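J.: The hints should help you fit chain B onto chain A, whose structure is shown.
Protein chains in written order, with my numbering: chain A, 1 to 114; chain B, 1 to 387.
Heads up, some of the hints might be wrong.
Just the calculated beta-carbon pair ranges, DEER-fashion [claimed, not checked]:
#, chain 1, residue 1, chain 2, residue 2, range
1, B, Q354, A, R57, 37 to 47 Å
2, B, G55, A, C15, 32 to 42 Å
3, B, S228, A, S28, 50 to 60 Å
4, B, P180, A, I5, 56 to 66 Å
5, A, N100, B, A197, 27 to 37 Å
6, B, G319, A, C15, 47 to 57 Å
7, A, G30, B, S276, 33 to 43 Å
8, A, G98, B, D69, 25 to 35 Å
9, B, P180, A, E86, 44 to 54 Å
10, A, Q61, B, K230, 53 to 63 Å
11, A, K59, B, L205, 17 to 27 Å
12, B, D353, A, G21, 51 to 61 Å
13, A, C15, B, G72, 51 to 61 Å
Covered by chain B, per the in silico footprint, the following chain A stretches (three or more residues, Cβ under 8 Å) [what the hints assert, rightly or not]:
#, stretch
14, 36 to 46
15, 52 to 59
To give an idea of the chain A side of the interface with chain B (calculated C-beta under 7 Å), a few residues [claimed, not checked]:
#, residue
16, A17
17, P22
18, T49
19, Y64
20, V66
21, V68
22, E102
23, T103
24, L108
It is worth saying that the hints were derived from the structure and are not from the lab.
This one's a predicted model, so the numbers in the text were calculated from it and none came from an experiment.
No residue lacks a Cβ here, since even glycine has one placed at the ideal position from N, Cα and C.
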Amino acid sequence: MPERIDFVALRCSSCGALDIGPTPICRSCGAEQMDETRVSGGGRLASWTVIRRAPTRFKGQDPYTVVVVDLDCGLRVTGRGIGEIESLFAGAAMCCVGQNEETAFFDLAKEQQP
Amino acid sequence: MRDVVIAGIGSTVFGKHPDSDIQTLAIRAASAALADAGVARSEVGALYLGNFVSGPLTGQEVLAGLVADGLGLPQIPCTKVEGACASGGIAFRHAYLAIASGVCDVAIAAGVEKMTAAGTASMTAALNCALDNRSDGGSGLTFPGLFGLAWRVHEQRYGTSREQVSAVVKKNKANGLRNPLAQMGASLTNEQIALSALICDPLRLFDCCPASDGAAAVVLVAADRARSLKRPPIRVLASVQTRGSARIAGHLDLCCFDATVSAARLAYTKAGIDPSDVDFVELHDCFSIAEIIDAEDLGYIPRGEGGIFAAAGRTAVGGDRPINPSGGLLSKGHPVGATGIGQIFEAVLQLRDQHPNQVAGARIGLTHNLGGTGVACTVNILGGPDA
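For reference, chain A alone in the conformation it holds in the complex (with noise of 0.2 Å):
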């Protein structure tokens, strides 16, 4: 299993407020300074699907796992799930793995609790 890594997401620089990227300038209070930060890559699993027909931009991947976690920081995110399908639940407890400039990467946590 790949190593649990933090998620790059970013922070304003004025009012503090989180967001998943990119954006230029702060969406709570208007600031145009928003800096990467690191916050932890665990969260919980919101909701998941599979595509079985890519757009051209992933043609070949397919089928493929998209899920949406809910970090432990309040923020929502859509990336890529790898690992088994039939092992996902709703609430599943959910670590990122893997983070590049197109998405991020999710996998189940080693250790589930309810």
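T.: Positioned in the frame of chain A, the structure of chain B alone reads:
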């Protein structure tokens, strides 16, 4: 603000039009609407055209001006508006505002899309333009995928079953069989739906609306000149547009679109009615589960009971809460930019008591058009001659 009425309607069949270019589709629909209204072309003061992706799919832009030119309209302002799947509804609202505010007395609202000649790859790429491609799009999410996500939450929270969602599909496909404008009406069984190809779990093929070519148009006029019209005027009791989150990150509830909730509340207030006063709804069933969610968001059906109402037949033409007597997007088709106007076309036929799937005694109808990940929504409440 002045009262506004719908004086005339026109539409092409929704489906495949390989031999017509995109302007021709829109010109045909608008010409039919003018003839239906008995309004002279010289009287038209503005044209608003809903369209989503004519550039990528047909290589043609400046559509609004091209359509007005083809119609032989005066040198009036002609504006194309885009709000993904809500483009048509937004065009209608702008035409409504132009008259309500006194800028002009007669306006055309039209919508058009031509999709089926493009390959599947370029079409899915074009449709994905309606996602925020920096956040959600990067994950590989698609629109069917968005509703797959929503379905799981609805299923888990309210116990909505495959059979209940299939009841929506069966109803809309059956309604489409009797609508001459519909692309693919059908008589389906639960088994056929449940065994159709998986697209985005748990969505299957029959849960998804088709891609379509088509155009629809309406002629709006100031109510004070409605006396001179050919047909009984249909009153615009409310025309509302709202914005929701452009990203899933901003959707606190995956099976509720807050743009719909707020648009509906505003519309009921403006029209001075309650949801229970609405006799039928034409709503944005781009996917089967969307009909359930939309109906709940509109307050037309109690929250969480959309599946129960569908399975009990209460949303059928003869039920107490009719939804999509036209067949909806699922069977009438979804020429994206035309859809919002097509819904109004269907609602006007109902309020004229001339619909092929007539809701008995329909006096008040509601249309609901939703774009992107719920980022744009329009809700219109229309009243018949007796409303």
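J.: Against this structure, judge whether each hint is valid.
T.: For each hint, the structure was consulted:
1. B:Q354 / A:R57: 37 to 47 Å: holds, 45 Å
2. B:G55 / A:C15: 32 to 42 Å: Hint holds: Cβ distance 39 Å, inside 32 to 42 Å.
3. B:S228 / A:S28: 50 to 60 Å: For A:S28 against B:S228, whose Cβ atoms are near 53 Å apart, the range 50 to 60 Å holds.
4. B:P180 / A:I5: 56 to 66 Å: holds, 57 Å
5. A:N100 / B:A197: 27 to 37 Å: Taking Cβ atoms as reference, A:N100 and B:A197 lie about 31 Å apart, which means the hint holds.
6. B:G319 / A:C15: 47 to 57 Å: holds, 50 Å
7. A:G30 / B:S276: 33 to 43 Å: holds, 41 Å
8. A:G98 / B:D69: 25 to 35 Å: violated, 53 Å
9. B:P180 / A:E86: 44 to 54 Å: Since B:P180 and A:E86 have Cβ atoms about 45 Å apart, the given range 44 to 54 Å holds.
10. A:Q61 / B:K230: 53 to 63 Å: The hint (53 to 63 Å, Cβ to Cβ) holds, given that A:Q61 and B:K230 are roughly 56 Å apart.
11. A:K59 / B:L205: 17 to 27 Å: Taking Cβ atoms as reference, A:K59 and B:L205 lie about 19 Å apart, which means the hint holds.
12. B:D353 / A:G21: 51 to 61 Å: The hinted range 51 to 61 Å holds for B:D353 and A:G21, with Cβ atoms some 53 Å apart.
13. A:C15 / B:G72: 51 to 61 Å: Roughly 56 Å apart at Cβ, these two residues keep to the hinted range, so it holds.
14. 36 to 46: violated (count 1)
15. 52 to 59: holds (count 8)
16. A17: Constraint on A:A17 not satisfied, violated at 12 Å.
17. P22: This hint holds: A:P22 lies near chain B, its Cβ roughly 5 Å from the closest one there, short of 7 Å.
18. T49: holds, 3 Å
19. Y64: holds, 6 Å
20. V66: Holds: closest Cβ of chain B sits about 5 Å from A:V66, inside 7 Å.
21. V68: holds, 6 Å
22. E102: holds, 4 Å
23. T103: holds, 4 Å
24. L108: With Cβ-Cβ at 16 Å, over 7 Å, it is violated.
When the structure is compared with the earlier hints, violations turn up for hints 8, 14, 16 and 24 and for no others.
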